[in-house]
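Chemist: Make a model of the complete structure from these sequences and hints.
Using the working numbering, you'd call the opening residue of the sequence shown number 4 and step up by one each time.
For the record, the hints were derived by calculation from the structure and aren't laboratory data.
All values reported here derive from a predicted model rather than from experimental measurement.
Heads up, the beta-carbon is just placed ideally off N, CA and C, and yes, glycines get one too.
Incorrect hints may have been included.
Claimed, not checked - Derived Cβ-Cβ restraints for the label pairs, each shown as a range:
#1 E153 x S173: 24 to 30 Å
#2 E153 x A270: 30 to 36 Å
#3 S72 x A270: 45 to 51 Å
#4 S113 x E56: 15 to 21 Å
#5 R164 x R62: 30 to 36 Å
#6 S173 x G226: 18 to 24 Å
#7 P85 x P161: 25 to 31 Å
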Amino acid sequence: MPASPSADRALTVLAPGKLVLVGEYAVLDGAPAVVAAVDRGVRCEVRPGDAVETPADDRFARAALQAVSAPPRRYRFSDWNPVSLPEGKAGFGGSAAACVAAVVAGRIASGHTLSGADAALARRVHQEVQGSGSGVDVLASWYGGLRRFEGLTHTALPARRLVAVYSGRSASTGPRVQRYLQWSGRQGFVDESAALADLFAADPIAALQHGFTLLCNMARAAGVEYETPGLRRIVDLAASYGGAAKPSGAGGGDVAVAMFPEAEAEAAFCAACAAEGLPPIPVTIALGAASSALSEP
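Modeler: What follows is the structure, encoded as structure tokens:
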């Protein structure tokens, strides 16, 4: 961890976004989830001054800075490695990354050493501002890598090649979560989802395949708008090239995540998606914000 910057020294924090590979919805009921932190997130630059600058919604960053009693500085938040899309958002968990970036920046600017308690604080702030959510996107941004999360515990998994593809429209998570939580048939779904988290370690492509089917069945039973024509086409294209894809997150739009046994198949899939107006988004598994803060001279 870098030394604490004085008031006249600069600090940059990179908080990654996330791709949920297995465990959406069921994680709200305590089931495990497999999540990758990716290099599409939020940057926070800390400079001398007294201001908070954000490109859009500032609720998450301000609440997190207040929660850690961040000292007066110029906290400038911006998209890290942004995605250019014709419309909408990709769905990499920007609000969670903003909370994480703010907590890391504020704590280091105050001269404190980061701890697991700070990760839990960022998770709580995000839940309070958003009004719902499991917080797994916050934990992925904090710790980085590819991890299995179960509550606040986590286990690192071997890195995998991933590709994200934009489905053609953005989606709102909150209403879908509320529909799921009103569904009385969740226990069987939760048990099956937990088994997929175990399967992922042995056969991640099969886990994605079964995960998509499981989530589609849940959505039909619970009345959740999950599958869209764009997402279905991405899934079908991935299968035709020997891989698997599924929505990352609550569905209804945003991005799908895909995996393939060979790089050549992945490249052919990406070309096919691009030809159909479904833009691939290159991603790399990233370090967590807690280990990627840089104190600058």
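Chemist: Hint by hint, which ones does this structure get wrong, listed from lowest number up?
Modeler: none
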